[in-house]
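Student: Use these hints to put chain B onto chain A, whose structure you have.
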Amino acid sequence: DGGITQSPKYLFRKEGQNVTLSCEQNLNHDAMYWYRQDPGQGLRLIYYSQIVNDFQKGDIAEGYSVSREKKESFPLTVTSAQKNPTAFYLCASSHFLGPQHFGDGTRLSIL
Amino acid sequence: AQSVTQLGSHVSVSEGALVLLRCNYSSSVPPYLFWYVQYPNQGLQLLLKYTSAATLVKGINGFEAEFKKSETSFHLTKPSAHMSDAAEYFCAVSDRGYGGSQGNLIFGKGTKLSVKP
Chain A
407 DGGITQSPKY LFRKEGQNVT LSCEQNLNHD AMYWYRQDPG QGLRLIYYSQ
457 IVNDFQKGDI AEGYSVSREK KESFPLTVTS AQKNPTAFYL CASSHFLGPQ
507 HFGDGTRLSI L
Chain B
95 AQSVTQLGSH VSVSEGALVL LRCNYSSSVP PYLFWYVQYP NQGLQLLLKY
145 TSAATLVKGI NGFEAEFKKS ETSFHLTKPS AHMSDAAEYF CAVSDRGYGG
195 SQGNLIFGKG TKLSVKP
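As you go down the protein sequences, you meet chains A and B in turn. Under my numbering, the first residue of the first sequence carries the number 407, and numbering increases by one thereafter. Under my numbering, the first residue of the second sequence carries the number 95, and numbering increases by one thereafter.
In isolation and in its complexed conformation, chain B is listed as follows:
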């Protein structure tokens, strides 16, 4: 069965500093992996996805993530944090058991990112 572990429920960085949010996954099949962002009282917005093409995936708002099979990791990074990046971030892996579709998502518990001025 698939699972996702996000290391650190809270991460705090200074504006302009590197953002690194960690995600490790477990999957018995080649995974599809996703990062979503959630602002307070809103739904989730897709930042980026990995679907077995390039291992370095670029997303919106300057975020990127690298798929490392040997480390079963899919960490999210951004070179320089902005105040507007303060939000909760969720890593998810796809359960591909339904007819070859992307199927259902298994989410990590989320990491809240704070950005200090």
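Here chain A stands alone, though its shape is the one from the complex:
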């Protein structure tokens, strides 16, 4: 079945550490997105990519980085510069004119 796979489901970060969240899709979608979800805040866009080897900052990109070397993969790195990384991270993808489909998320916590 086609879908979006996020891993790991739970992740813990130590002070000063960078961590990478994986997002893979086999839907042949061109666009991919990363969102951060905090309780009562809705979803906020971190980065998005419309095509391979191209990506743009969203509303809250500071302290995060991404790459888009393959169409099916869009990993997100939470760097040590992100001082409040505890959140639920959601990856999504879409066709050029289609709705966004979401993965099941990664919950990141601080040790």
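Keep in mind that a hint or two might mislead.
To be verified - List time: in silico SDA-like cross-link candidates among lysine to any residue, alpha-carbon distance up to 20 Å: (1) B:Lys152 with A:Pro505; (2) B:Lys210 with B:Met177; (3) B:Lys206 with A:Phe494.
Said to hold, decoys possible - A few chain A positions that, by computed beta-carbon distances, are all more than 12 Å from chain B: (4) Lys420; (5) Glu421; (6) Ser428; (7) Gly469; (8) Ser479; (9) Thr492.
Source of the hints: derived by calculation from the structure; they are not laboratory data. Computed from a predicted structure; not experimentally measured. Glycine is no exception: its CB is placed at the ideal position from the N, C-alpha and C atoms.
Tutor: Then chain B, alone, in the frame of chain A:
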């Protein structure tokens, strides 16, 4: 710029009662509008979307929403609530600024629906 306001962070209904979740939007261009549902510790699932065709949109699980331009609203309804409808619901509007595509979504802050037996 687009924005979405969901009225009521928590809504509680009895099983079998009408579900009404409110969403108002602001958009400088004709909007695309969406409702998503999220169950605990899961991603978002698309319930329905409005893309400038029929103003009454039917979705999955018996939900529907009506686009009212004059009221800038896109409220979500279901005639009879089931226990399985308990979840968080998000309204979203499309930022269509990127090359004519559906672009990026701007989400409301969500409404948690509780269903009492």
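Student: Give a verdict on every hint.
Tutor: These are the hints, each one checked on the structure:
{"no.": "1", "hint": "B:Lys152 with A:Pro505", "result": "holds, 15 Å"}
{"no.": "2", "hint": "B:Lys210 with B:Met177", "result": "holds, 7 Å"}
{"no.": "3", "hint": "B:Lys206 with A:Phe494", "result": "holds, 17 Å"}
{"no.": "4", "hint": "Lys420", "result": "holds, 23 Å"}
{"no.": "5", "hint": "Glu421", "result": "holds, 26 Å"}
{"no.": "6", "hint": "Ser428", "result": "holds, 14 Å"}
{"no.": "7", "hint": "Gly469", "result": "holds, 20 Å"}
{"no.": "8", "hint": "Ser479", "result": "holds, 17 Å"}
{"no.": "9", "hint": "Thr492", "result": "holds, 15 Å"}
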